[in-house]
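Protein chains in written order, with our numbering: chain A, 1 to 320; chain B, 1 to 324.
No false leads were mixed into what you were given.
DSS-like cross-link-like pairs, simulated, lysine-lysine; straight-line CA separation at most 30 Å:
{"id": "1", "chain 1": "B", "residue 1": "Lys93", "chain 2": "B", "residue 2": "Lys136"}
{"id": "2", "chain 1": "B", "residue 1": "Lys52", "chain 2": "B", "residue 2": "Lys301"}
{"id": "3", "chain 1": "B", "residue 1": "Lys98", "chain 2": "A", "residue 2": "Lys109"}
{"id": "4", "chain 1": "B", "residue 1": "Lys136", "chain 2": "B", "residue 2": "Lys217"}
{"id": "5", "chain 1": "B", "residue 1": "Lys52", "chain 2": "B", "residue 2": "Lys280"}
{"id": "6", "chain 1": "A", "residue 1": "Lys109", "chain 2": "B", "residue 2": "Lys184"}
{"id": "7", "chain 1": "B", "residue 1": "Lys93", "chain 2": "B", "residue 2": "Lys45"}
{"id": "8", "chain 1": "B", "residue 1": "Lys179", "chain 2": "A", "residue 2": "Lys109"}
{"id": "9", "chain 1": "B", "residue 1": "Lys52", "chain 2": "B", "residue 2": "Lys98"}
{"id": "10", "chain 1": "A", "residue 1": "Lys109", "chain 2": "B", "residue 2": "Lys310"}
{"id": "11", "chain 1": "B", "residue 1": "Lys301", "chain 2": "B", "residue 2": "Lys221"}
{"id": "12", "chain 1": "B", "residue 1": "Lys136", "chain 2": "B", "residue 2": "Lys98"}
{"id": "13", "chain 1": "B", "residue 1": "Lys300", "chain 2": "B", "residue 2": "Lys45"}
{"id": "14", "chain 1": "A", "residue 1": "Lys109", "chain 2": "B", "residue 2": "Lys142"}
{"id": "15", "chain 1": "A", "residue 1": "Lys109", "chain 2": "B", "residue 2": "Lys136"}
{"id": "16", "chain 1": "B", "residue 1": "Lys45", "chain 2": "B", "residue 2": "Lys324"}
{"id": "17", "chain 1": "B", "residue 1": "Lys177", "chain 2": "B", "residue 2": "Lys196"}
{"id": "18", "chain 1": "B", "residue 1": "Lys177", "chain 2": "A", "residue 2": "Lys109"}
{"id": "19", "chain 1": "B", "residue 1": "Lys112", "chain 2": "B", "residue 2": "Lys196"}
{"id": "20", "chain 1": "A", "residue 1": "Lys297", "chain 2": "A", "residue 2": "Lys229"}
{"id": "21", "chain 1": "B", "residue 1": "Lys112", "chain 2": "B", "residue 2": "Lys177"}
Some chain B residues well away from chain A (every beta-carbon gap over 10 Å; in silico):
{"id": "22", "residue": "Val49"}
{"id": "23", "residue": "Asp86"}
{"id": "24", "residue": "Phe107"}
{"id": "25", "residue": "Ile126"}
{"id": "26", "residue": "Trp178"}
{"id": "27", "residue": "Lys280"}
Calculated from the structure, these hints are not laboratory results.
Since the model is a prediction, treat every value here as computed from it, not as a measurement.
Beta carbons: idealized from backbone N, C-alpha and C, even for Gly.
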Amino acid sequence: MFDALTSFVTEQFAALHGHVFETGVLPVLHELGLGGYAEQAFDGTEFFLIGAIEVTMLAVVFGLLEKWYPAEVQSDDGAKRVDVIYTMLHRLGFIPLLMFLLLAPVVDKLDGALRMHDIIPWKLEDALPFLNDSPWLSFFFYLVILDFVAYWLHRAQHQINLWWALHSLHHSQRQMSFWSDDRNHLLDDFVMDGAFALVALLIGVAPAQFVTIVIATRVIESLSHANLKVSFGRIGEYLLVSPRFHRFHHGIGVGHEGVTRGVNFAVLFPIWDVLFRTANFENNYPPTGIRDQLDGKEYGRGFWAQQWLGLQRLVHVFLP
Amino acid sequence: MNFRLLKSIVILGLAAAFNLHSMSSHAEVVVVLNSGEGTVSLIDKTTMVETKRFPVGKEPHHLMATPDDRFLIVANATSNELVFLDPLTGEVKRRVDKISDPYQIGFSPDKKWFVSVSLRLDRIDIYNGADFSLIKRLLAPKAPSHVGFNGDSSLAFITLQDSNELAAFDLNTQSLKWKMPVGKMPAGVWLTPDDKYALIGMTGEDYVQVIDWRTQKTVKKITTGKGAHNFLPMGDGNRLLVSNRVSNTVNIIDQSTLAVIDTIDVPGGPDCMELTKDGKQLWVTSRWIKKVTIVDMVTKKIVKQIPVGKSPHGIYFASHAARK
Chain A
1 MFDALTSFVT EQFAALHGHV FETGVLPVLH ELGLGGYAEQ AFDGTEFFLI GAIEVTMLAV
61 VFGLLEKWYP AEVQSDDGAK RVDVIYTMLH RLGFIPLLMF LLLAPVVDKL DGALRMHDII
121 PWKLEDALPF LNDSPWLSFF FYLVILDFVA YWLHRAQHQI NLWWALHSLH HSQRQMSFWS
181 DDRNHLLDDF VMDGAFALVA LLIGVAPAQF VTIVIATRVI ESLSHANLKV SFGRIGEYLL
241 VSPRFHRFHH GIGVGHEGVT RGVNFAVLFP IWDVLFRTAN FENNYPPTGI RDQLDGKEYG
301 RGFWAQQWLG LQRLVHVFLP
Chain B
1 MNFRLLKSIV ILGLAAAFNL HSMSSHAEVV VVLNSGEGTV SLIDKTTMVE TKRFPVGKEP
61 HHLMATPDDR FLIVANATSN ELVFLDPLTG EVKRRVDKIS DPYQIGFSPD KKWFVSVSLR
121 LDRIDIYNGA DFSLIKRLLA PKAPSHVGFN GDSSLAFITL QDSNELAAFD LNTQSLKWKM
181 PVGKMPAGVW LTPDDKYALI GMTGEDYVQV IDWRTQKTVK KITTGKGAHN FLPMGDGNRL
241 LVSNRVSNTV NIIDQSTLAV IDTIDVPGGP DCMELTKDGK QLWVTSRWIK KVTIVDMVTK
301 KIVKQIPVGK SPHGIYFASH AARK
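Given the sequences, and given the hints that come with them, work out the whole structure.
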């Protein structure tokens with residue numbers, strides 16, 4: 001029954017994907033002389049369609065949940081609107097495409113140069129050959145490694161002043177909701193994606209595998225940002241980042257602004273915060289934002305204002 | 001102990017084992033590479049049903065038999081390895097690692113050289129055809145795509161997809177011999193049986209470019225369909241199939257007249273092909289719809305479409321038409 005349903009959904013999606021690509025994308029690529037990118041465009045079309053379905057489902061399911069179990073009463077819909085734009089730009093693939101176009105040639109050049117010195121980058125399967133036979137296990141191993149890297153990169157975003165100048169944009173949302181996950185400065189995205197691309201090269205993550213990991217994890221990341229008074233219970237809180245766990249990280253004065261510059265950095269698995277003593281499991285749902293916003297510091301309301309102010313903060317770190 | 005029961009179980013077991021053995025020795029398998037999900041689909045050629053799908057490595061695009069036909073080589077581009085399968089059962093027999101980004105692969109006709117083309121990294125590798133030891137790695141910008149060889153195995157012809165060129169590499173000196181401009185996005189390479197012309201599928205155009213490779217002159221453009229991509233000979237030493245990924249057709253080209261003699265509709269981005277020995281059935285990977293399409297070559301109608309994995313690319317079965 002379940003197999004039949006899965007197979008039906010997969011086939012329907014494949015038909016939709018094929019139809020959109022063949023009638024809408026491929027002819028345009030061919031006319032523009034960009035047929036060489038057909039395979040990347042095919043994957044991009046899938047990314048777009050999955051994103052569109054995902055955003056619709058998030059809006060319905062998480063939207064209703066936020067109405068029923070809110071962590072805080074939110075009145076300023078205007079403040080959330082810009083987060084919707086960030087979500088669309090990311091999840092429908094526009095910003096990932098931009099990052100791919102900027103980063104892929106650099107990574108390929110580096111990889112190609114290594115090959116000319118007879119260096120073929122290592123991959124996880126070299127050390128653990130059994131991963132060749134189990135895509136699920138392989139997916140899980142790569143997920144854990146990338147989440148571990150994400151934990152340390154996230155700590156760096158808070159501890160390196162230059163990087164915080166950009167990442168603070170993400171924390172400046174005082175009406176945090178499931179739309180807020182992708183609210184990032186473009187340069188912040190570029191640095192993060194560049195770091196992940198290097199790690200992927202070092203451990204041999206295939207591009208298709210990387211995209212699957214991104215798609216699979218971003219629903220959890222949307223949930224962790226949701227305005228929900230929800231924790232995963234005594235054991236669950238140690239297993240997966242919950243709305244409570246991550247809201248505490250965003251909490252003004254408590255989450256990301258402590259003496260050691262914060263707690264609860266994990267993106268998916270809180271175990272990293274437990275291991276490196278940055279976890280806080282206090283059952284508390286503080287208001288979100290950055291302390292200096294209380295003194296009137298402006299982080300911008302619209303997309304371009306936020307991007308511009310982020311660049312200004314970056315310059316001020318160099319030239320205080 | 002109930003010996004009668006035990007005896008019955010043993011007899012039934014032996015019968016079942018014999019039955020399985022006889023089934024496996026009769027049921028021919030079709031091997032399909034699902035490049036987008038890193039798996040191999042095995043299809044029962046008689047029943048036309050996918051019987052198994054298993055992980056093989058990262059980005060398996062192309063496959064070919066070893067010169068002795070004992071193994072089927074799957075090139076896993078991102079895994080940097082070759083996987084050797086039993087061509088009759090699809091079972092994994094061994095892996096050869098340290099093969100850099102093998103996107104397209106080919107043995108020279110004299111079996112001396114094994115050439116691996118790295119589309120993503122602008123490289124071609126020339127290996128010893130006997131033991132896969134690397135002889136030379138060469139720069140081949142931009143986006144080397146497919147490979148073909150001349151009759152005496154002295155040259156490997158490589159299409160350069162992004163710079164719109166055809167390159168000829170001298171295999172004996174392992175160096176670039178010449179390059180010439182061709183149409184947009186050249187892909188498949190095929191040498192005519194008289195070794196006179198190189199036929200190039202122009203995926204960015206709607207034709208096959210015919211090149212006199214000795215003089216490096218274009219002698220003809222055979223109009224096919226949009227997205228002319230890959231070739232497969234029909235085994236009679238004359239007719240040649242070409243898949244057109246954008247127009248969703250397959251053409252039959254007469255190599256003696258260098259003209260299209262028939263057109264078959266094959267939906268879903270037809271890419272790699274395999275033809276039965278009797279020439280009656282054509283199996284095609286339909287890249288964009290996760291299916292393998294089977295065409296009756298007598299009626300030119302679709303017999304069946306079989307769902308497989310994401311982005312099916314290479315396809316093979318043992319009882320195929322001769323590669324001529």
